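Engineer: Going by my numbering, the residue at position 321 of the sequence shown is 321; the numbering climbs one at a time, nothing skipped.
No lab work stands behind these hints: they were computed from the structure. Do not take every clue at face value.
To be verified - Computed Cβ-Cβ distance ranges for the label pairs, DEER-style: (1) GLN169 <-> PRO257: 42 to 48 Å; (2) LYS225 <-> LEU139: 28 to 34 Å; (3) ASP235 <-> LYS345: 26 to 32 Å; (4) ILE140 <-> ASP346: 44 to 50 Å.
Here the structure is a predicted model, which means the values were calculated and not measured. Built from N, CA and C at the ideal position, the CB exists for glycine as well.
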Amino acid sequence: MQVSCVGGIRGILTCKFQRVWSFASNKDVGGREFECAEAYYTPIYGLKVSYRLPVPKLTLHSSHSHLHLLLVSLIISVVPFDPYPQPGILPSHALLHQIKFKPHICTSSGSQGKSECYGVFCLTYDLQAEEETKSWKKLISIAVSGAAGMISNHLLFKIASGEVFGPNQPVALKLLGSERSIQALEGVAMELEDSLFPLLREVSIGINPYEVFQDAEWALLIGAKPRGPGMERADLLDINGQIFAEQGKALNASASPNVKVIVVGNPCNTNALICMKNAPNIPAKNFHALTRLDENRAKCQLALKAGVFYDQVSNMTIWGNHSTTQVPDFLNARIKGLPVKEVIKDHKWLEEEFTEKVQKRGGVLIKKWGRSSAASTAVSIVDAIRSLITPTPEGDWFSSGVYTNGNPYGIVEDIVFSMPCRSKGDGDYELVKDSEAELLAEKRCVAHLTGEGIGFCDLPEDTMLPGEM
1 MQVSCVGGIR
11 GILTCKFQRV
21 WSFASNKDVG
31 GREFECAEAY
41 YTPIYGLKVS
51 YRLPVPKLTL
61 HSSHSHLHLL
71 LVSLIISVVP
81 FDPYPQPGIL
91 PSHALLHQIK
101 FKPHICTSSG
111 SQGKSECYGV
121 FCLTYDLQAE
131 EETKSWKKLI
141 SIAVSGAAGM
151 ISNHLLFKIA
161 SGEVFGPNQP
171 VALKLLGSER
181 SIQALEGVAM
191 ELEDSLFPLL
201 REVSIGINPY
211 EVFQDAEWAL
221 LIGAKPRGPG
231 MERADLLDIN
241 GQIFAEQGKA
251 LNASASPNVK
261 VIVVGNPCNT
271 NALICMKNAP
281 NIPAKNFHAL
291 TRLDENRAKC
301 QLALKAGVFY
311 DQVSNMTIWG
321 NHSTTQVPDF
331 LNARIKGLPV
341 KEVIKDHKWL
351 EEEFTEKVQK
361 RGGVLIKKWG
371 RSSAASTAVS
381 IVDAIRSLIT
391 PTPEGDWFSS
401 GVYTNGNPYG
411 IVEDIVFSMP
421 CRSKGDGDYE
431 LVKDSEAELL
441 AEKRCVAHLT
451 GEGIGFCDLP
461 EDTMLPGEM
């Protein structure tokens, strides 16, 4: 078995053992010391020539019952980089100095859960050592599943550029893929590397969520199996449910205790609930199902109909599930600060066509484009994050699928349901209560979407929900 570790800023240690051990649990290694049969040191800078080292000893332990090892401590003596080395030979006459390998996750060739930093991102650095970075905030870690997919291909570069978390927020990207996508992940990492983003300080890739989610402060769960031809909805729910149950367990075990989780993979409301239920150590309030794309689509339709630009539309709410049963609520939305019905006089369009356009927008796009939305989904993820880390403008709100326990609208508890939210910009949110009475009445109209029985409307005629008149 071979174990490789990135050590400090100088190079990579590779240790080959004489035999292969099977580490089934922490008890198998538990801090035991192992001696390498062969050990090599490869400098990161310059020619990729490996020096053979005197046999060092490593202290290892297994992680999360997987075949992943942690180099607890090691000090070795190596030569300074020689631009004209003799391959594979450690010159005995050279001036030696010591390099200490700090505690670091290592990977073994026998492991199915490879998780590695990539290229230039393996280097260590001190953000406070350079004048231009002294004003930067503390590095934050963002884990992204489905990182080799089309949505991530748009999203990752927005995060790395500073568009999402701000121009003075350095980021570490932790990219989760599968065995089939590991080469594609390397390609993504190469593109990130070549883009020279100053704020992007770390990139790691892997297929084991327990490793990739380590200390993550944000988790963007994009990867999910799409529904194929002839696949029953129940089958899709079961397959993706297993994926998100495992990822929930991994977040619970490895991520920051206050990690913010945005679930994108569909069916996102149910997947968010499954993930949350498998992460009891993380506050339920930290889990979101992405319904911001639906909100953006609704704002687009209202703006087009009113002949105004998108930024003139506010207070748009998406109620319910991210599906064709969602309820885009134009009754509380505003255009240039005025109620929508005062601006758009075509009430029949509002009550019929508007809702259908929003509900079916994704399906229409697939027919036109030949695939599901990617770029607009990535933008909506950015919007969702920005809404949580930026104070909500006075009187406005945003939509997010959140846990319903304790909600003021009478929505059945213990589900994930899109509702209007506000944020103080601290990553947390509160439910909007300004229009609670009217919203409660509206919720009675859509009781069939919340599992509370048949919808019943007691609203005045001019505020009826679409299809209820």
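Engineer: Would you mind marking each hint as holding or not holding in the structure?
Structural biologist: For each hint, the structure was consulted:
1. GLN169 <-> PRO257: 42 to 48 Å: violated (20 Å)
2. LYS225 <-> LEU139: 28 to 34 Å: Cβ of LYS225 to Cβ of LEU139: about 32 Å, so the range 28 to 34 Å holds.
3. ASP235 <-> LYS345: 26 to 32 Å: Violated, since ASP235 and LYS345 (Cβ atoms, about 46 Å apart) do not stay within the stated range.
4. ILE140 <-> ASP346: 44 to 50 Å: For ILE140 and ASP346 the Cβ distance comes to about 46 Å; the hint holds.
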